[in-house]
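Protein chains: 2
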Amino acid sequence: MKPSLPQGTRDFGPETVRKRQYILDTIRSVFELYGFQPLETPAFENLETLMGKYGEEGDKLIFKILNNGLERPEKHAAANEDFKKVLEGKNVKGLTERALKYDLTIPFARYVAMNHGQITFPFKRYQIQPVWRADRPQRGRYREFTQCDADVVGSQSLFNEIELIHIYLEVFKKLKINVTVCLNNRKVLAGLATLCGGLEKMTIITIAIDKLDKIGIDKVNEELRQRGNDEASISIINQYLDIAQQEVSNAEILKQLKTMFKDTTIGLEGIAELEYLTTNFETVKVDVTLARGLNYYTGTILEVKPLGIQMGSIGGGGRYDDLTGLFGVPNIPGVGISFGVDRIYDVMDEKALFPNELNQSVKIMLVNFGEAFEKRNMEVLKALRAENISCELFPDAIKFDKQLKYANKRNMPFIAMIGEEELNEDCISVKNFNSGEQKKMNLTEMISLLKG
Amino acid sequence: MKPSLPQGTRDFGPETVRKRQYILDTIRSVFELYGFQPLETPAFENLETLMGKYGEEGDKLIFKILNNGLERPEKHAAANEDFKKVLEGKNVKGLTERALKYDLTIPFARYVAMNHGQITFPFKRYQIQPVWRADRPQRGRYREFTQCDADVVGSQSLFNEIELIHIYLEVFKKLKINVTVCLNNRKVLAGLATLCGGLEKMTIITIAIDKLDKIGIDKVNEELRQRGNDEASISIINQYLDIAQQEVSNAEILKQLKTMFKDTTIGLEGIAELEYLTTNFETVKVDVTLARGLNYYTGTILEVKPLGIQMGSIGGGGRYDDLTGLFGVPNIPGVGISFGVDRIYDVMDEKALFPNELNQSVKIMLVNFGEAFEKRNMEVLKALRAENISCELFPDAIKFDKQLKYANKRNMPFIAMIGEEELNEDCISVKNFNSGEQKKMNLTEMISLLKG
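Chains R and W supply the protein sequences, listed in that same order.
Anchor point for the first sequence: position 289 equals 292 in my numbering, and the numbering is continuous, going up by one each time.
Anchor point for the second sequence: position 72 equals 75 in my numbering, and the numbering is continuous, going up by one each time.
Any given hint could turn out to be false.
Copies of the same chain look alike in the list, so a pair counts if it works inside one copy or between any two.
[Said to hold, decoys possible] Pairs of lysine-lysine residues, derived as DSS-like cross-links and limited to a Cα-Cα distance of at most 25 Å, are as follows:
id, residue 1, residue 2
1, K5, K56
2, K96, K63
3, K354, K179
4, K176, K354
5, K63, K93
6, K402, K434
7, K385, K179
8, K177, K288
Source of the hints: derived by calculation from the structure; they are not laboratory data.
Could you put together the complete structure from these sequences and hints?
Encoded structure:
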């Protein structure tokens, strides 16, 4: 049998795990610095927890787990009583009653709803776990991928948005990725819809605006016309887009929008929120064409784009009013952000931003010259590890060349040799692969060399 | 809808995640110190990669993933063409072609078999990931749990065993858990089987011996008799068990076994291996009644038992000759160990071995006295975070009491207050919850207090 991997999944070898771990550790440490607390939920949830939360298309992309005992209907359907019951509709559980999680937000909402009596609010949680989607695999899109979320629930304060934007800026500074944080507010989009005839137009308008980058203004207008917007509305929307696309300061854009929105309360509210947030940051960009797909957002929406590289957003989020309402616990507002770990990895790989040390698995290998030197080698290993220096003895006393090749392939910067001569002189020969230099020294000297 | 969790699964709240992370980080750091490299494989594998690897019972406990599009046969079987094909045996993929991984060993073997051309051998890998089993949930047994393995493949040297035993000892020393590492060798059990009439008796004999602790010697003998062992064999086995159970040194037990095994080459080989390993450790115990269930073990087998607590083994492993042979790549020998993370957690929780700091999520909270103080609060946050001190400002300017309660529930050791007075005096009032002391200080003083 020739083994293979399921479509859309990946093995992560040592170097990739280290690089991914570097990204995740950086994000985790910033989350902790800002007072966020870790949460982990199971890989699978009850089917009904997930179904209906991601739209009809989403439902289809959820991986369902087969109930046990139903595996082989084609071989013995007649003999499989459990399976016959499923077919006759007598088994209410059907074929499946569990499913792999599709994102981290719904399981988080389920957790908050289940535990809201015990949770101290505001609850600031972060969650870094894999999720699964039965999407058609393609470049950069996988069926298993890691999500990395931070949310605050139980507080309406815009200060939470400020903290989350700081988290974005701090993480990407640490990872050395230049980014723009783009900011909008659903209330501004609601204001625009109000000017165009009513809130019920919001979805149509935002879907059209969201495509501006891809299809251009003419096709956006065409789509708006087809969807039943009159010329007056289209003219308002175009005026809005003209304001949005000027190369001017955030303050100037917001000033012009304020005039335009002077008669819509909700629009002015959105602008006031944007004003508050942008005065706190120099590097954040107001982009009122930003829509974001998820319907549960109600206030701030934001997205992070990497600069100087052809790549979609590497982070996004927003404010929602009532996520846990889905699970019978209303009135817990929240705001959250998410990091696109796979794309961040791709940016860093392409721009060679990973620290070199991540390549280096082990600091030093002791060459194995046979049993006679084992005792001394073990003493050296013990001494190095007591100093927290990673090291290993090649396990077999095979040819020197082969051992050297192993050390090179593993990117070890040093090897040490203890043979007859070294044993007699009570020293160790240490070779530095970078400089090519080889030198005899005692254990203390060797430790300070490796630590330096 | 009232939300719930699937049977046998768990949410891990902040405190539990931190404690689990502490265990995993400790193990990971020791793995790295010993030159092991991380590997991660997908949550699900192709069904045929897993099926038939864990015995008939295991096959039933593997969670299979339903192929997409087959979800609701009871509702519309007639209309679902894909599903009809499954029933008629025309869809070769059947209901399922993917399954959640059941352990880390088979996916590792699959990885090595798939990549053996690129891998530098000996390959020392560690892997820390969840696995899933459709076992009936009960106390301490879950359907999703974390495994934590280290294996060396591509080397027959017993030095690998020495390293792995050191890893066990070092990890449990760091975690402050007192343990005994019990050691045996399959070749010793093979020697016993040879003395009793032939190697084919090995499984029956080891299964019976394995039960000694639970059912006692009389029932073991009864079982041996029922399984077709003659009185001569039973007498040999009893002699073996008598030697095994003496309260004497490892050396003495091995000496007596050597006499008993003088005519079986394989038995003597096993004893020689045990001798080599035990001379390197003072704290390892030879236990030749140790059998371990997995049939793929061929040499060393070992198990770790916690002392002073009623609990099964918290780690185990052994040597195997040909794991990747299952996937068409023969002759890659290996040896590995595994940590039982859930049981380790239970031991540490019961014995209160977790460091206190794990309870402490954030170092300090700034009390929110309203907008007038926001700017100063933000400056302080920024300064603290630049010093890597975790902190937060309560996001809403609600009643002081409520903010205090939040800080207490989160186990924060300090709060800071900046009101009118502090603003005027350019200072900060800092309260230490442990001592109850409250003091005015400047930012520099505050930072050194929090870092001290």
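Q.
If the cut is 25 Å between Cα atoms, do K63 and K93 qualify within a copy, between copies, both or neither?
A. both (24 Å within a copy, 23 Å between copies)
Q) Are the CA atoms of K402 and K434 at most 25 Å apart within a copy, between copies, both, or neither? A) within (17 Å within a copy, 65 Å between copies)
Q. 25 Å Cα cut-off: does K96 pair with K63 within a copy, between copies, both or neither?
A. Answer is both: 18 Å inside a copy and 18 Å across each meet the 25 Å cutoff.
Q: First find the shortest C-alpha distance between K177 and K288 inside one copy, then the shortest across copies, and answer within, between, both or neither for a cut-off of 25 Å.
A: within (20 Å within a copy, 48 Å between copies)
Q. What label fits K354 with K179 when the C-alpha limit is 25 Å: within, between, both, or neither?
A. For K354 and K179, only the intra-copy Cα distance (10 Å) is at most 25 Å; the inter-copy one is 43 Å.
Q. Which holds for K176 with K354 at a C-alpha limit of 25 Å: within a copy, between copies, both or neither?
A. So K176 and K354 pass the 25 Å test inside one copy only (14 Å; across, 42 Å).
Q.
Checking an output row: K385 and K179, CA cutoff 25 Å. Within, between, both or neither?
A. between (37 Å within a copy, 19 Å between copies)
Q: Classify it for me, K5 with K56: is the Cα-Cα distance of at most 25 Å met within a copy, between copies, both or neither?
A: between (39 Å within a copy, 15 Å between copies)
When the structure is compared with the earlier hints, no violation turns up for any of them.
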